[in-house]
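Here the protein sequences come in this chain order: A and B. 120 is the number that our numbering gives to position 120 of the first sequence; each next residue is one higher, with no gaps. 211 is the number that our numbering gives to position 211 of the second sequence; each next residue is one higher, with no gaps.
Heads up, some of the hints might be wrong.
Just so you have them, the derived chain A footprint on chain B, three or more residues with Cβ under 8 Å [claimed, not checked]:
| # | segment |
| --- | --- |
| 1 | 277 to 290 |
| 2 | 439 to 447 |
Simulated DEER-style distance windows between Cβ atoms [unchecked claim]:
| # | chain 1 | residue 1 | chain 2 | residue 2 | range |
| --- | --- | --- | --- | --- | --- |
| 3 | A | Ile290 | B | Val13 | 37 to 47 Å |
| 4 | A | Lys149 | B | Lys243 | 38 to 48 Å |
| 5 | B | Asp401 | A | Asn179 | 42 to 52 Å |
| 6 | A | Val199 | B | Asp510 | 58 to 68 Å |
| 7 | B | Lys165 | A | Ser67 | 49 to 59 Å |
No lab work stands behind these hints: they were computed from the structure. Every residue, glycine too, gets a C-beta built ideally from N, C-alpha and C.
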Amino acid sequence: MKKLIPIIAVISILAAASYFLLFNTTPTPKEAKNRFKILSFTKTRSCSSLPKFLYKAGIKRPIIDLSQDHYTGIAFYYGIEFKNVLHKKSWEKFEHLGTYTIDKNGDIYLTPNPFISIKPTTFNLQKAIYKMDSSSGELQRWLEIDDIKPTSTNPYGLISLTYNCDDKTIFASAIDKSNYKGSKGRIYHINPKDKSYEVVIKNFDALTLRIIKTTGQKLLLAGNALDNSLYAFELKNNIISQTPHKILSLPNPQLHIRKIKVIGNNKLKLEAIKFSYSLVAATQKKTRFIYTAKFNPKSNSWSIKENK
Amino acid sequence: MTKEIKISAALLVVGLGIISGLYLNKKNQTTPASSAEVVNDTSDKKIIIPDFSDIADIKEVKEYINRLQNIYKEGKSTLPLDDSELDSKGKIAQNIALESKKFLSDSKDSSGKPLHSDIMRVLPAISSMLSISAKQECKDGSCYIVEKYNFATNTTSRAVVNVDKKSIISIKKYPNMQPDISNNLTKIAKAIALKSPEIIKELGHTPTPNELSMANVRTSLKESPCEDKNHLCVAPTFANHQKEMALWAIVDLTSLKLAAAKWAGLGKTYTPACIDERTLQNRYIMKNFCQKDTTLNKDGWSFIYHLTGSDGLEIRDILYKGKKVAKSLKIVDWHVAYKGYEADKLDTSNPSIVEGRQIEFVKGDNNEYTFGYNDAMGCPMFSTSVVLAFNGPQIKPIIQDSKEVGFSITQDFRNPKWPMACNYRYQNRFDFYKDGSFRVVGINLGRGCSNKAIYRPVMRLDIDSPSNKENFSIYQNNSWQSWSKESMYQSTSQEELYSGKYLYKIASSDSEGYYIEPNRGQFKDNSRGDHERVFVSKYKESEGDEDLLTLGSCCKLKEDGVESYINGESIDSTNLVIWYVPKMQNDDREGHEYCWSDSAIDKNGNPTVKLYPCIVGPKFTPISKAK
Numbered sequence: 001m002k003k004l005i006p007i008i009a010v011i012s013i014l015a016a017a018s019y020f021l022l023f024n025t026t027p028t029p030k031e032a033k034n035r036f037k038i039l040s041f042t043k044t045r046s047c048s049s050l051p052k053f054l055y056k057a058g059i060k061r062p063i064i065d066l067s068q069d070h071y072t073g074i075a076f077y078y079g080i081e082f083k084n085v086l087h088k089k090s091w092e093k094f095e096h097l098g099t100y101t102i103d104k105n106g107d108i109y110l111t112p113n114p115f116i117s118i119k120p121t122t123f124n125l126q127k128a129i130y131k132m133d134s135s136s137g138e139l140q141r142w143l144e145i146d147d148i149k150p151t152s153t154n155p156y157g158l159i160s161l162t163y164n165c166d167d168k169t170i171f172a173s174a175i176d177k178s179n180y181k182g183s184k185g186r187i188y189h190i191n192p193k194d195k196s197y198e199v200v201i202k203n204f205d206a207l208t209l210r211i212i213k214t215t216g217q218k219l220l221l222a223g224n225a226l227d228n229s230l231y232a233f234e235l236k237n238n239i240i241s242q243t244p245h246k247i248l249s250l251p252n253p254q255l256h257i258r259k260i261k262v263i264g265n266n267k268l269k270l271e272a273i274k275f276s277y278s279l280v281a282a283t284q285k286k287t288r289f290i291y292t293a294k295f296n297p298k299s300n301s302w303s304i305k306e307n308k
Numbered sequence: 001m002t003k004e005i006k007i008s009a010a011l012l013v014v015g016l017g018i019i020s021g022l023y024l025n026k027k028n029q030t031t032p033a034s035s036a037e038v039v040n041d042t043s044d045k046k047i048i049i050p051d052f053s054d055i056a057d058i059k060e061v062k063e064y065i066n067r068l069q070n071i072y073k074e075g076k077s078t079l080p081l082d083d084s085e086l087d088s089k090g091k092i093a094q095n096i097a098l099e100s101k102k103f104l105s106d107s108k109d110s111s112g113k114p115l116h117s118d119i120m121r122v123l124p125a126i127s128s129m130l131s132i133s134a135k136q137e138c139k140d141g142s143c144y145i146v147e148k149y150n151f152a153t154n155t156t157s158r159a160v161v162n163v164d165k166k167s168i169i170s171i172k173k174y175p176n177m178q179p180d181i182s183n184n185l186t187k188i189a190k191a192i193a194l195k196s197p198e199i200i201k202e203l204g205h206t207p208t209p210n211e212l213s214m215a216n217v218r219t220s221l222k223e224s225p226c227e228d229k230n231h232l233c234v235a236p237t238f239a240n241h242q243k244e245m246a247l248w249a250i251v252d253l254t255s256l257k258l259a260a261a262k263w264a265g266l267g268k269t270y271t272p273a274c275i276d277e278r279t280l281q282n283r284y285i286m287k288n289f290c291q292k293d294t295t296l297n298k299d300g301w302s303f304i305y306h307l308t309g310s311d312g313l314e315i316r317d318i319l320y321k322g323k324k325v326a327k328s329l330k331i332v333d334w335h336v337a338y339k340g341y342e343a344d345k346l347d348t349s350n351p352s353i354v355e356g357r358q359i360e361f362v363k364g365d366n367n368e369y370t371f372g373y374n375d376a377m378g379c380p381m382f383s384t385s386v387v388l389a390f391n392g393p394q395i396k397p398i399i400q401d402s403k404e405v406g407f408s409i410t411q412d413f414r415n416p417k418w419p420m421a422c423n424y425r426y427q428n429r430f431d432f433y434k435d436g437s438f439r440v441v442g443i444n445l446g447r448g449c450s451n452k453a454i455y456r457p458v459m460r461l462d463i464d465s466p467s468n469k470e471n472f473s474i475y476q477n478n479s480w481q482s483w484s485k486e487s488m489y490q491s492t493s494q495e496e497l498y499s500g501k502y503l504y505k506i507a508s509s510d511s512e513g514y515y516i517e518p519n520r521g522q523f524k525d526n527s528r529g530d531h532e533r534v535f536v537s538k539y540k541e542s543e544g545d546e547d548l549l550t551l552g553s554c555c556k557l558k559e560d561g562v563e564s565y566i567n568g569e570s571i572d573s574t575n576l577v578i579w580y581v582p583k584m585q586n587d588d589r590e591g592h593e594y595c596w597s598d599s600a601i602d603k604n605g606n607p608t609v610k611l612y613p614c615i616v617g618p619k620f621t622p623i624s625k626a627k
């Protein structure tokens, strides 16, 4: 038996080495150090103003409805239990809308959405950002980006946008040109003053955008149309870094983050959808999945829970 | 140095070498990926979708079905647990439950036909499963839980049985809920996974039960991973630690067959619970049929085929014995229209959406109107289709009079909830015969929204010839009348046919080309005919050579959407495109069903779908072969 001791010892050493090197998933101190670290954040008051035409109409805290369930385009629910609706027929002229952001003046900027049926006009509508004027409430085709080219194999164009309160600019994302093999999406940085724009991020399909400030950072958060993760781009002096840092992933790999909201200290509300760059054909009663993601700054980790 | 020391040293060197190699490999794999690569990481691992098949042809499944048939013969409908899965009190509890009319109340349909039901678990009552009053009665440990699953209605029933008092305390039914499965069904699921030819082929050997993990049975599956969420499905896994890969199988226990399988890395944080049949189908179809062309050479025919974004299955560059036949054959759309009455009461101020489609309304005469939508078929991702490809193209022999006379290639397209109302299933089929003839076939498998549906598939047939110059003719007044300009013809279905078969002809010379045989029900497939409208246009790339968006209106029954391509241009000896638009009306009358489908119960008590297809489309026969 004693003779076998060296062999047993070697096998034990190899087993231990295998475990630590191959199966142990705890990050090494070096890996932990390299991991992008975000700092604490909390809910802050937005610089966005209530559109003046709503204020004049006595509508103070409306819910902006882009669900397209009952109204094409945009509708505002207001009053007790939000039973009243403001919707104009003229707000349907650009068909279905998907996301919005509001600036300091109360102007609402909106992105289109190829909702269900493709019409001859649908692709052209995806190339523009629409603006609802704060004073008049009129909806207009505000900015067209010629580079955007939806097709029958990817009917999407501009898909999301967010307002940067600090320099009064807009980040907008487009996901046309992407295909099954990979991402060709862009994030545009737009100056509303002169409608100039430039592509600041390439090859990233942002299904949603949201700017947040942590205790020492400013981040552009982006839900990815191609995976189930939330990414962060650093904004230093309002200049965006080129590296997307994956900060969390939803437990369900089939879902994609479509809306991001800060709801408390280190807490995000994430709305997720199934998304396959095609129309809403897979009719499911439950189309949105809501998660609460809580960040622990000490361990630089997230706990994610689905709200049912 | 002793022999043992030498062995130890050799072991150490070899072992460290292997571990280092594996470690470096792992490190490479876990390097942070760009966002584009992240997608590939979750989608590019190999997916296996079995061909359409009936229940798995294996011993364990046959035995299980025999057991079911035996209890049905005895007038029963619920398969009890084997004694091996029960303790002595459990046996009593099961017997008491199986004698309860209330517990078995959903075990037969209204006609008395048994609905497949299995007892899944019998176990001592757990406090958390009991009501307050039951907790009191059961605190001495005298109670058992008996769980039954009805496969046909996707319902779980749970009875709390007091074994000592031989009475049932409560019975609750949980519609659309699935229980943990019995050991017997676990064995069957394992057997299906272990013996499926697709799995054996993937693993490269016949696996043993030890290679299989069934950790992910019902308890961790939030919802059925199968395409049909009402099916009871489980996901056994084969782990290959050497390759750091696992083969995940999705086994459908309602249909008793393998639904799908997928290779994935062992280090995934998600489980098969998150990967469902539809997702696997989508990735499999995208990777194999939407992203690349497949070449087929068979019976003298050669062509490429692929799935399109919105024009269904397209067959391209078709040659027969090396000669050009067609540049492209495809069905670009299905127009679906329903008739309605009281058009004056119609409110179209807000869009109407049914099952994901925006409905179009067209007011007509006599206070009638038509409403419906255009259905595009195509790839399940990156497309503008609403009826999505299911499984890949299936190639099968055509047998006539016990003789193989050619082959067909068929692609299935379905709405996810078919055969529920307002969900659709279409098939594109292309028949290629050994004699050089071919047929383009559109198949509608229902079910639609009502019994007054008019379906019109729009077929785009870009026939080719060696000279690329064709002429189109129609047989009228006992002779072939050539068309000189782009035109349309509405068939009466009563026309006299050349040689009793052919109404149209496309040819580049007297002997080169095809006679076109419209379907008048002669193809022995229960068709009620094409009732077609035919358009012929000069070939233009922009007119459908690439993916076409939906054409025209669903519901203007006098238009097919092709009209915009018919401008009176000369089509004399030029490259032509034939647009062939059959028209059929569905029928739900009992015994006369057509373009229809119905949910039913099969002989094993399981849910099934009765199909009443309507099959349309013309056959092209080489002029030289026409009789």
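For each hint, the structure was consulted:
no.	hint	in the structure
1	277 to 290	holds (count 6)
2	439 to 447	violated (count 0)
3	A:Ile290 to B:Val13: 37 to 47 Å	55 Å, violated
4	A:Lys149 to B:Lys243: 38 to 48 Å	41 Å, holds
5	B:Asp401 to A:Asn179: 42 to 52 Å	47 Å, holds
6	A:Val199 to B:Asp510: 58 to 68 Å	60 Å, holds
7	B:Lys165 to A:Ser67: 49 to 59 Å	54 Å, holds
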